[in-house]
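Here is how the chains run, residue by residue.
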Amino acid sequence: MSLASNELRRAPGIAIGLGILISATLAPLIFDTYWISFILTQVLLLGVAAASLIFLSAYGGMVSLAQVALYGTAGFVLGNVVTTGNSKGLNLGWHPWLGVVLGIAIATAVGLIFGALASRSAGIYFLMITLTFAVIANLFFGQVTTFSGFGGISGVRTPGLIGEVDTHPNRLYYAALVVAVLVYAATKYLVRTPFGITLQGVRDDPVRMSSLGYNVPFHRMIAFGFAAFIASLGGVLFVWWNGHIDPASIDLSSTIDLLVICVIGGLYRLEGAWLGALVFVVINNYIRSVPGLGHIGLSEERFHTVIGVIFLVIILLSPGGLMGILGKGHELAGRLFPGRQVATSAAPAATSRRANGGPTP
Amino acid sequence: MSTAEAVTTQVRKQLVLTRVARYTPWILSGAAIVFALLWVLVLAQPCGDTGCTGTQTNFGSAVHDPQDFLATLLDGLTSAGVYFVVASGFTLIFGLMRVVNMAHGAFFLLGGYIALKLQRAFVGQDSAFGLLSSQVHFWQWLVPSLIAAVCIGILGLGMQQVFLRWNQGQELRQALITIAISIILADQMVAHFGAFAEDISWPGVLDRRLDLHVAGVHYTLTRLFILAVAVGIGLALWLWLKKTRTGMVIRAGVDDRQMVSALGVNIQLTFAIAFFVGSALAGFGGALGGSFASLGPGVDGNWLLYSLVVVIIGGMGSLGGAAVGALLLGLVSNFSSAYLPGNYTFYSIIFTFVLLAIVLAFRPLGLFGRPA
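Residue numbers (the working numbering), protein chains in the order written: chain A, 1 to 361; chain B, 362 to 733.
Treat each hint with caution, since some may be false.
Unchecked claim - Far from chain A, by Cβ distances over 12 angstroms, these chain B residues were calculated:
| hint | residue |
| --- | --- |
| 1 | Ala541 |
| 2 | Arg569 |
| 3 | Arg606 |
| 4 | Gly608 |
| 5 | Leu688 |
Said to hold, decoys possible - In silico SDA-like links for lysine to any residue, alpha-carbon gap of 25 angstroms or less:
| hint | chain 1 | residue 1 | chain 2 | residue 2 |
| --- | --- | --- | --- | --- |
| 6 | A | Lys88 | B | Lys478 |
| 7 | B | Lys478 | A | Arg302 |
| 8 | A | Lys88 | B | Phe707 |
| 9 | A | Lys88 | B | Leu507 |
| 10 | B | Lys478 | A | Phe229 |
| 11 | A | Lys88 | B | Tyr705 |
| 12 | A | Lys88 | B | Tyr708 |
| 13 | A | Lys88 | B | Thr706 |
| 14 | A | Lys188 | A | Phe147 |
| 15 | A | Lys188 | A | Phe150 |
| 16 | A | Lys88 | B | Lys604 |
| 17 | A | Lys88 | B | Phe712 |
| 18 | A | Lys328 | B | Gly530 |
| 19 | A | Lys88 | A | Val178 |
| 20 | A | Lys328 | B | Gln529 |
| 21 | A | Lys328 | B | Val685 |
| 22 | A | Lys88 | B | Gly625 |
| 23 | B | Lys603 | B | Gly703 |
| 24 | A | Lys88 | A | Ile106 |
| 25 | A | Lys328 | A | Ser254 |
| 26 | A | Lys188 | A | Val178 |
| 27 | A | Lys328 | B | Gly593 |
| 28 | B | Lys604 | B | Gly593 |
| 29 | A | Lys88 | B | Thr414 |
| 30 | A | Lys88 | B | Gly703 |
| 31 | A | Lys88 | A | Lys188 |
| 32 | B | Lys603 | B | His579 |
| 33 | B | Lys478 | B | Gly555 |
| 34 | A | Lys188 | A | Thr25 |
| 35 | B | Lys604 | B | Ser622 |
| 36 | A | Lys88 | B | Gly593 |
| 37 | A | Lys328 | B | Asn528 |
| 38 | A | Lys88 | A | Ile22 |
| 39 | A | Lys188 | A | Thr198 |
| 40 | A | Lys88 | B | Asn704 |
It is worth saying that the hints were derived from the structure and are not from the lab.
Note that CB positions come from ideal geometry on N, CA and C, so glycine has one too.
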């Protein structure tokens with residue numbers, strides 16, 4: 001197949017991507033302030049955190065549950081560094097941007113340590129070990145009053161560029177959009193570099209890569225560090241958006257929520273991160289308006305039952321999540337109308353193979 | 362010096378460096394462990410009357426205060442007992458079926474709630490502050506706990522038959538399914554049992570202190586009872602796995618499922634039995650843990666953490682590993698919160714992480730883990 005036709009096959013995807021980007025840029029003109037400040041900003045920042053999980057799962061074959069803990073670590077460091085005496089924690093009162101840099105650096109370092117410890121395991125073991133890290137991080141910030149304590153840190157200042165979030169919601173929205181686009185582009189670039197290719201080799205067959213002379217644990221560790229970096233960006237955005245961070249923001253339930261977002265969106269496609277976040281946040285906000293739910297004993301407070309059932313249905317029906325369903329629809333369209341040059345990309349095929357157990361450790 | 366000699370010295374130097382690099386983690390962790398032991402046994406200084414300063418600890422060293430040392434040791438052993446009961450169910454299911462049952466914590470909590478509600482119904486005098494132990498007979502503790510264990514066993518069996526049986530071997534998908542079920546269960550439990558912490562009452566016969574006649578220690582009988590129950594369950598499981606035919610099939614299944622199946626054994630029946638027993642242990646652990654600590658939202662996550670830490674340390678699928686893992690976790694968590702300097706005891710959670718890190722650094726599959 002020639003290069004030109006390859007480019008042609010990717011054209012619909014690029015068009016859709018550009019369309020989404022343009023509508024996201026124009027969103028403040030279309031939606032009201034509640035949607036921008038509450039729903040869409042939250043979707044973008046949760047999507048960034050979810051992208052760190054999906055990057056590890058799609059390209060490294062590692063489903064990590066420590067991403068919320070790392071995102072929280074960045075948030076807690078930021079909170080400790082920038083607050084000035086009215087809050088729990090160290091209250092260093094340093095410059096907001098210094099807080100951002102320190103938050104990201106420390107969370108990435110913690111991610112590298114976690115990665116080094118977990119890197120010699122894979123698959124289901126990796127899930128369990130990272131879950132343990134997540135719960136320990138949550139207990140740590142809950143118990144150690146030097147850094148946070150139960151009540152958490154409030155009144156986190158944003159830098160002048162972002163300003164007061166309540167008065168200028170669009171600034172934080174655009175900041176989150178820029179970060180999301182950069183994260184998406186950087187991840188897509190990284191997986192095409194020699195490192196990214198090797199990482200995918202490690203995902204598919206760690207034993208073979210190891211016998212070819214690649215250092216498998218090292219590649220996993222670096223990938224984990226990169227994911228921690230992305231997660232910490234999400235954490236910084238979260239603290240700016242929320243103005244407050246407490247151990248409940250990184251508890252087991254939040255950890256599972258991020259996993260739910262990724263599974264709903266699709267664990268094997270990076271785009272799924274934001275799609276899953278959109279579905280999650282919209283359901284969370286509009287569940288009360290769904291008619292008839294009250295009659296079967298489900299109300300707004302039972303949001304987690306609803307999301308749990310959706311999660312269960314998606315795993316049972318499509319392990320690739322919504323992106324997997326879209327991919328299958330695309331494939332089906334290609335089969336029904338073979339005359340149209342529809343891309344039957346390799347991704348869904350790879351997805352189903354990996355979903356069926358994949359390479360066992 | 363000739364070239365050959367120069368090369369030899371070079372190679373020797375590199376060999377030494379490699380050796381140093383290889384043994385550094387061993388030496389560092391060894392030194393840390395020796396220091397921790399010395400600290401607890403002789404080095405720790407007790408706090409003064411006016412409060413703790415610097416590195417002074419609440420109790421002082423074991424030599425200085427043998428009574429509190431012994432009490433902490435017993436605390437560690439008895440918490441290890443509950444950890445073992447809960448984690449042994451987890452490891453039994455994982456070892457045989459490679460299913461990581463993330464709903465284990467939710468099963469624990471539900472088992473605890475079932476036992477709690479049954480006990481209140483049996484005793485009949487429900488008050489806002491729970492029951493007094495003097496109102497509760499021994500059978501009013503035991504029967505609810507056993508019924509809770511059977512209920513949770515049936516629930517786990519149902520989950521396995523409906524959701525897990527048909528996607529055997531898809532480990533991640535099965536783990537995600539159990540996570541989904543744990544989300545639904547946890548949310549429904551908040552809806553039905555409320556958001557307040559409650560605990561199951563111990564029977565009056567157990568709720569007293571026993572004079573051990575060693576260093577003047579008076580220790581609660583309930584905790585010793587927990588330890589006895591845990592040892593009993595451990596022995597029963599060991600005998601079941603080693604001496605009975607079902608146990609033999611389970612052990613064979615842990616090693617090679619397909620071969621056992623090919624030999625004409627009904628492996629699905631064995632899976633069902635293991636899932637029933639594993640879940641029932643979570644349910645019984647819930648009754649035990651609900652009497653030992655308390656039941657409430659979020660408790661399921663803590664107990665899932667304990668189970669995970671125990672089996673990651675001990676090696677997944679190994680009963681002996683679960684026992685060793687539970688002992689290490691119980692001792693490390695109790696000693697670190699008792700023997701850290703008085704003003705810093707809240708850092709004790711770090712020691713759970715350090716324990717995990719040390720084990721994983723040397724044995725990525727846990728102390729008794731074997732590759733799948």
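Each hint tested on the structure:
| no. | hint | verdict |
| --- | --- | --- |
| 1 | Ala541 | violated (4 angstroms) |
| 2 | Arg569 | holds (31 angstroms) |
| 3 | Arg606 | holds (29 angstroms) |
| 4 | Gly608 | holds (24 angstroms) |
| 5 | Leu688 | holds (18 angstroms) |
| 6 | A/Lys88 x B/Lys478 | violated (39 angstroms) |
| 7 | B/Lys478 x A/Arg302 | holds (22 angstroms) |
| 8 | A/Lys88 x B/Phe707 | holds (15 angstroms) |
| 9 | A/Lys88 x B/Leu507 | violated (45 angstroms) |
| 10 | B/Lys478 x A/Phe229 | violated (47 angstroms) |
| 11 | A/Lys88 x B/Tyr705 | holds (17 angstroms) |
| 12 | A/Lys88 x B/Tyr708 | holds (17 angstroms) |
| 13 | A/Lys88 x B/Thr706 | holds (18 angstroms) |
| 14 | A/Lys188 x A/Phe147 | violated (35 angstroms) |
| 15 | A/Lys188 x A/Phe150 | violated (38 angstroms) |
| 16 | A/Lys88 x B/Lys604 | violated (57 angstroms) |
| 17 | A/Lys88 x B/Phe712 | holds (24 angstroms) |
| 18 | A/Lys328 x B/Gly530 | holds (23 angstroms) |
| 19 | A/Lys88 x A/Val178 | violated (31 angstroms) |
| 20 | A/Lys328 x B/Gln529 | holds (23 angstroms) |
| 21 | A/Lys328 x B/Val685 | violated (48 angstroms) |
| 22 | A/Lys88 x B/Gly625 | violated (64 angstroms) |
| 23 | B/Lys603 x B/Gly703 | violated (46 angstroms) |
| 24 | A/Lys88 x A/Ile106 | holds (19 angstroms) |
| 25 | A/Lys328 x A/Ser254 | violated (30 angstroms) |
| 26 | A/Lys188 x A/Val178 | holds (15 angstroms) |
| 27 | A/Lys328 x B/Gly593 | violated (53 angstroms) |
| 28 | B/Lys604 x B/Gly593 | holds (16 angstroms) |
| 29 | A/Lys88 x B/Thr414 | holds (22 angstroms) |
| 30 | A/Lys88 x B/Gly703 | holds (21 angstroms) |
| 31 | A/Lys88 x A/Lys188 | violated (39 angstroms) |
| 32 | B/Lys603 x B/His579 | violated (37 angstroms) |
| 33 | B/Lys478 x B/Gly555 | holds (13 angstroms) |
| 34 | A/Lys188 x A/Thr25 | holds (21 angstroms) |
| 35 | B/Lys604 x B/Ser622 | holds (20 angstroms) |
| 36 | A/Lys88 x B/Gly593 | violated (47 angstroms) |
| 37 | A/Lys328 x B/Asn528 | holds (20 angstroms) |
| 38 | A/Lys88 x A/Ile22 | violated (41 angstroms) |
| 39 | A/Lys188 x A/Thr198 | holds (14 angstroms) |
| 40 | A/Lys88 x B/Asn704 | holds (17 angstroms) |
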